[in-house]
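Visitor: Sequences and hints are given; from them, build the entire structure.
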Amino acid sequence: MEDKRLITLEDISKAYDGVTVLNHINLYIRQKEFVTLLGPSGCGKTTTLRIIGGFERADSGRVIFDGQDISEIPPYRRRVNTVFQKYALFPHLNVKDNIAFGLKIKKMSAAEIQKKVDYMLDLVNLSGFGKRSVESLSGGQQQRIAIARALVNEPEVLLLDEPLGALDLKLRKEMQLELKSMQQRLGITFLYVTHDQEEALTMSDTIVVMQGGNILQIGTPKSIYDEPSNAFVANFIGESNIFSGTMVRDEMVHFCGADFPCVDSGFGEDKPVDVVIRPEDVLLVGEDVGQVTGVIKSVLFKGVHYEMMIDAGHSIWKVHSTTMQPEGSRVGLSVVPFNIHIMHPMQEENKQPQEEDAQ
Amino acid sequence: MKTLKRIYLGLILLFLYIPIVVLIIQSFNAGESRAKWEGFSLIWYGKLFDDPNIMNALWITVSIAVLAALFSTVLGTLAAIGIHAMRKRPQALMLTLNNIPMTMPDIVTGISLMLLFIFTQVERGYVTMLLAHITFDVPYVILSVMPKLQQMNKNSYEAALDLGATPMYALFHVILPEVMPGVITGAMLAFTLSLDDFTISYFTTSPLVQNLSTLIYSQARKGIKPTMNALSALMFVVLLVLLLLVNKRTDSQEK
Numbered sequence: 277m278e279d280k281r282l283i284t285l286e287d288i289s290k291a292y293d294g295v296t297v298l299n300h301i302n303l304y305i306r307q308k309e310f311v312t313l314l315g316p317s318g319c320g321k322t323t324t325l326r327i328i329g330g331f332e333r334a335d336s337g338r339v340i341f342d343g344q345d346i347s348e349i350p351p352y353r354r355r356v357n358t359v360f361q362k363y364a365l366f367p368h369l370n371v372k373d374n375i376a377f378g379l380k381i382k383k384m385s386a387a388e389i390q391k392k393v394d395y396m397l398d399l400v401n402l403s404g405f406g407k408r409s410v411e412s413l414s415g416g417q418q419q420r421i422a423i424a425r426a427l428v429n430e431p432e433v434l435l436l437d438e439p440l441g442a443l444d445l446k447l448r449k450e451m452q453l454e455l456k457s458m459q460q461r462l463g464i465t466f467l468y469v470t471h472d473q474e475e476a477l478t479m480s481d482t483i484v485v486m487q488g489g490n491i492l493q494i495g496t497p498k499s500i501y502d503e504p505s506n507a508f509v510a511n512f513i514g515e516s517n518i519f520s521g522t523m524v525r526d527e528m529v530h531f532c533g534a535d536f537p538c539v540d541s542g543f544g545e546d547k548p549v550d551v552v553i554r555p556e557d558v559l560l561v562g563e564d565v566g567q568v569t570g571v572i573k574s575v576l577f578k579g580v581h582y583e584m585m586i587d588a589g590h591s592i593w594k595v596h597s598t599t600m601q602p603e604g605s606r607v608g609l610s611v612v613p614f615n616i617h618i619m620h621p622m623q624e625e626n627k628q629p630q631e632e633d634a635q
Numbered sequence: 080m081k082t083l084k085r086i087y088l089g090l091i092l093l094f095l096y097i098p099i100v101v102l103i104i105q106s107f108n109a110g111e112s113r114a115k116w117e118g119f120s121l122i123w124y125g126k127l128f129d130d131p132n133i134m135n136a137l138w139i140t141v142s143i144a145v146l147a148a149l150f151s152t153v154l155g156t157l158a159a160i161g162i163h164a165m166r167k168r169p170q171a172l173m174l175t176l177n178n179i180p181m182t183m184p185d186i187v188t189g190i191s192l193m194l195l196f197i198f199t200q201v202e203r204g205y206v207t208m209l210l211a212h213i214t215f216d217v218p219y220v221i222l223s224v225m226p227k228l229q230q231m232n233k234n235s236y237e238a239a240l241d242l243g244a245t246p247m248y249a250l251f252h253v254i255l256p257e258v259m260p261g262v263i264t265g266a267m268l269a270f271t272l273s274l275d276d277f278t279i280s281y282f283t284t285s286p287l288v289q290n291l292s293t294l295i296y297s298q299a300r301k302g303i304k305p306t307m308n309a310l311s312a313l314m315f316v317v318l319l320v321l322l323l324l325v326n327k328r329t330d331s332q333e334k
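Chains E and W are the protein sequences, given in the same order.
Here the first sequence is numbered in this note's numbering, starting from 277 and rising by one per residue.
Here the second sequence is numbered in this note's numbering, starting from 80 and rising by one per residue.
Treat the hints with care, since some could be wrong.
As the list claims (entries may be wrong) - The calculated DSS-like cross-link candidates involving lysine-lysine, where the alpha carbons are at most 25 Å apart (straight line), are:
hint	chain 1	residue 1	chain 2	residue 2
1	E	Lys498	E	Lys446
2	E	Lys280	E	Lys498
3	E	Lys392	E	Lys382
4	E	Lys362	W	Lys167
5	E	Lys372	E	Lys392
6	E	Lys362	W	Lys233
7	W	Lys301	W	Lys126
8	W	Lys233	E	Lys372
9	E	Lys391	E	Lys380
10	W	Lys233	E	Lys380
Because the hints were derived from the structure by calculation, they are not lab data.
Guide: Written as structure tokens, this is what we have:
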């Protein structure tokens, strides 16, 4: 990753039939950076991608590419290429001609095209597939061809619109790693759209969390996971317990009927805040030493850990632990100060309902 | 019950096809009388091809069918692509507008076109008949191409632009190849419809420019000559083959 800003979105807004899809978006993407736009469906992430690709025009704002305003440039003259959600391979062309589509437009010689196509097929592990019809390929293979078809044009930025959405879990994990290593090897800037938080955490240099046409937070995967800026981000990235509380004073917060020492300060005194605690950060201790106590309502085995829902009177805690406590037993709950994360409360309408989803 | 079903079906088919069968048999009758079989002969087929009026009408019919199919296929395909790119509401409106002429009785289409030509003081003849045929063919072409466009991946066109294709290049190298089966079906349908049209042709041409249907009609008023049997039999066979081809294409496309 370099410091040069390759793409800058300036105050981009977009509405369809009076419904706002993007609300004054500002964002920059550095050269060779792997940026992921993450958010639930309808958050505007795909529209942002399509505006950069040139398939949609923003109602206001500018798209700056390498110092130039490209807002009015049609897609076929932009130095970006796209991998579409449903691949969009051309069914009347075979694998080779699909990959060669862009090169033929550039009027390259047949020998040069052959060389580049072979190199690309090799890169996506499909050597020897050139003559096959695209419809005879599996979903994963079609996706690789779509990636090869885009990359062969040597774009400066590759836009990927939920490219792994249609693949099964195992294949998806493999492709995540492959895409990441491809990006690092080729040194191309990737702009990746997904609603899968795990995918975003695994692959990205930078994650942009979006909701309702707004950018909620921009940061590295670690900073977004550890320091979510509000309850929505905390809920969307990983599982979390979110409680309404009050900041008693610096480094002391009150929620769930108890005072907890924490490491945050600067929120003021007696101010309402949201408190995030990751399920894996809650410690199960003896009833007499816990900061709060509760009754275990349910226990689910999740492979590497157990997921327990604990009723602590007025609140439900989700706890991940490698040791199991039997259902119905009373336990103490404790959280070390460092693992308590304090956030400014969200405006009510944006607040996610606190569900006890046992997925 | 089963035999009853068979007999019923047999009767239906018999009533449907017996007039055509009689016509075809009569076309091989050596005698001029329709009441008496005077032996097998190809004499009327021979006379048919010697008749300059009929040959002229045949030329007009075929040339109009080819030209009408050509123009309506180009217009209809482009129109379908345009309609397909519209947003939902205008698209639904355009498709309804497209369907209305197809459900309209031919006689209404024919008379309205005739009135239009009279009103605009265009002399009726070959060109007006061709224009009329293009007009009634276009909706069928649109209807044949539309499903192919809807089956297309909605990102195909954008993918082409993304890879550097201008809109024109994308039209010829991505959209048209993908919808080509529908375009060919549409062209064949247009050709067939144009070939066997009588009503609309009758109202949009002059007595000096006659296609086969209007010629048969005008001759039938003077009493039907056996050459007409031969001509009708030939038209039936040609149209049957064309229709079978169109149906076969539509079937295999649906699979």
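Visitor: Each hint: holds or not?
Guide: So, going through the hints one by one against the coordinates:
1. Simply put, Lys498(E) and Lys446(E) have alpha-carbon atoms about 24 Å apart, close enough for the 25 Å limit, and the pair holds.
2. Our distance criterion of 25 Å between C-alpha atoms is met by Lys280(E) and Lys498(E), whose separation comes to about 22 Å.
3. Distance restraint check for Lys392(E) and Lys382(E): the Cα-Cα separation of roughly 13 Å lies within the 25 Å cut-off, and the hinted pair is therefore satisfied.
4. Restraint check for Lys362(E) and Lys167(W): satisfied, since their Cα atoms lie roughly 21 Å apart, inside the 25 Å limit.
5. A hinted pair counts as satisfied when its Cα atoms are at most 25 Å apart, and Lys372(E) with Lys392(E) qualifies at roughly 10 Å.
6. With a CA separation close to 9 Å, the supplied pair Lys362(E) and Lys233(W) stays within the 25 Å bound.
7. At most 25 Å may separate the alpha-carbon atoms for a hinted pair to count; Lys301(W) and Lys126(W) meet this at roughly 18 Å.
8. Taking the CA atoms of Lys233(W) and Lys372(E), the gap is near 22 Å; set against the 25 Å cutoff, the hint holds.
9. Distance check on the hinted pair: Lys391(E) and Lys380(E) sit about 13 Å apart at the alpha-carbon level, within 25 Å; holds.
10. Pair hint Lys233(W) plus Lys380(E) holds up; C-alpha atoms about 23 Å apart against a cutoff of 25 Å.
Checked against the numbered hints above, the structure breaks none of them.
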